[in-house]
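As given, the protein sequences belong to chains A and B, one line each in that order. Counting in our numbering, the first sequence runs from 1 upward without gaps. Counting in our numbering, the second sequence runs from 1001 upward without gaps.
Hints were generated in silico from the structure; no laboratory data involved. Treat the hints with care, as some may be off.
[To be verified] So these bits of chain B aren't anywhere near chain A, every CB distance computed over 10 Å:
1. I1010
2. D1040
3. G1050
4. Y1051
5. R1057
6. I1070
7. P1107
8. E1112
[As the list claims (entries may be wrong)] Restraint ranges, calculated between C-beta atoms of paired labels, are given here:
9. B:A1098 to A:S68: 17 to 25 Å
10. B:E1095 to A:S68: 20 to 28 Å
11. A:M3 to B:T1101: 21 to 29 Å
12. B:E1007 to A:E23: 21 to 29 Å
13. A:D86 to B:R1109: 27 to 35 Å
14. B:K1006 to A:E62: 28 to 36 Å
15. A:N2 to B:N1047: 32 to 40 Å
16. B:P1030 to A:C88: 18 to 26 Å
Glycine residues also receive a C-beta, built at the ideal position from the N, C-alpha and C atoms.
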Amino acid sequence: MNMEQKIKDNLSFSEEEGEKLFEDVTLYALSTCGFCKQAIYFLRRNKIQFRFVYVDQLDLDEKKELKSWLKEKYSKSVSFPYLVVDDCNVLVGFKEDEWKNTFSMK
Amino acid sequence: MGKLEKEKSIDDVKTFVTMVAEKQGWGLHPDEGFLEIIIDGLAVNCNRYGYYACPCRDHSGLRENDKDLICPCDYCVPDQKDYGHCYCGLYLTREFAAAGTMPSSIPERRPED
């Protein structure tokens, strides 16, 4: 099993129902962070289907593996919220205008 | 992990951030709901790790490795100079607070591992 599959299979994502604007919208967040909560509210408010995982609730090894895989795969430093849309578009941090652009909203 | 003998309550953490802000002459995030999330997060981290680990960053759980991220973190003042508020949006400069602008996500200043 490759690293990507291993990480994805081992993580328990919470699935959020909504409009399927993209094939896959995955949010990596911290349960303790204000901007991560804003990011989740944004996706819910706009009824976007997504899944998320609270990285701070993973065990240390799992967390380390995930962070180094994210950094290597998407070539972006890992801080939170970390949003991956269709496996190619990555947004780090929550800036509402930037997120609206990504989801083509006015 | 250096757990605390007695868990910190939300009120303990509220008192802590208010005292830090007063002592430093800083403002706090103007939105009550947002402020509550950060205070809750700080309480979770304090009870989880045994120290006030920044709620907007991930941690190793070892005080020695995370010491630059203990609230108010080492990057708070440089971030305030550049953006008017800390990485979390918790502590605002007096000027930023007076302008009534909402803090937003800023780039991570901490050097990578």
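Outcome of the hint check:
1. For B:I1010, the shortest C-beta to C-beta distance to chain A comes to about 13 Å, beyond the 10 Å cut-off, and the non-interface label holds.
2. Non-interface status of B:D1040 relative to chain A is broken: a Cβ of that chain comes within 10 Å, the nearest being about 7 Å off.
3. The Cβ of B:G1050 lies farther than 10 Å from every Cβ of chain A, with a closest approach of about 15 Å, so its non-interface assignment holds.
4. Every Cβ of chain A is farther than 10 Å from the Cβ of B:Y1051; the closest lies at roughly 14 Å, confirming the non-interface assignment.
5. A beta-carbon of chain A comes within 10 Å of the beta-carbon of B:R1057; the shortest separation is about 7 Å.
6. Interface exclusion of B:I1070 from chain A stands, the closest Cβ pair being 14 Å apart, more than 10 Å.
7. Not every C-beta of chain A lies more than 10 Å from that of B:P1107, the closest at about 7 Å, which undercuts listing it as non-interface.
8. With a cut of 10 Å on Cβ distances, B:E1112 falls inside the contact zone with chain A, its closest approach being about 6 Å.
9. A beta carbon spacing of about 42 Å between B:A1098 and A:S68 contradicts the range 17 to 25 Å that was offered as a hint.
10. For B:E1095 and A:S68, the hinted distance range of 20 to 28 Å is not satisfied, since their beta carbons lie about 39 Å from each other.
11. The given range of 21 to 29 Å is broken by A:M3 and B:T1101, whose C-beta atoms sit roughly 42 Å from each other.
12. For B:E1007 and A:E23, the Cβ-Cβ distance of about 43 Å falls outside the hinted range of 21 to 29 Å, so the restraint is violated.
13. A hinted range of 27 to 35 Å for the beta carbons of A:D86 and B:R1109 is consistent with their spacing of about 30 Å.
14. Between B:K1006 and A:E62 the beta carbon distance is about 30 Å. The supplied range of 28 to 36 Å therefore holds.
15. As the Cβ distance of A:N2 to B:N1047 is approximately 37 Å, the hint placing it in 32 to 40 Å holds.
16. Checked against the hint of 18 to 26 Å, the pair B:P1030 and A:C88 fails, with Cβ atoms roughly 36 Å apart.
Consistency note: the structure conflicts with the earlier hints numbered 2, 5, 7, 8, 9, 10, 11, 12, 16.
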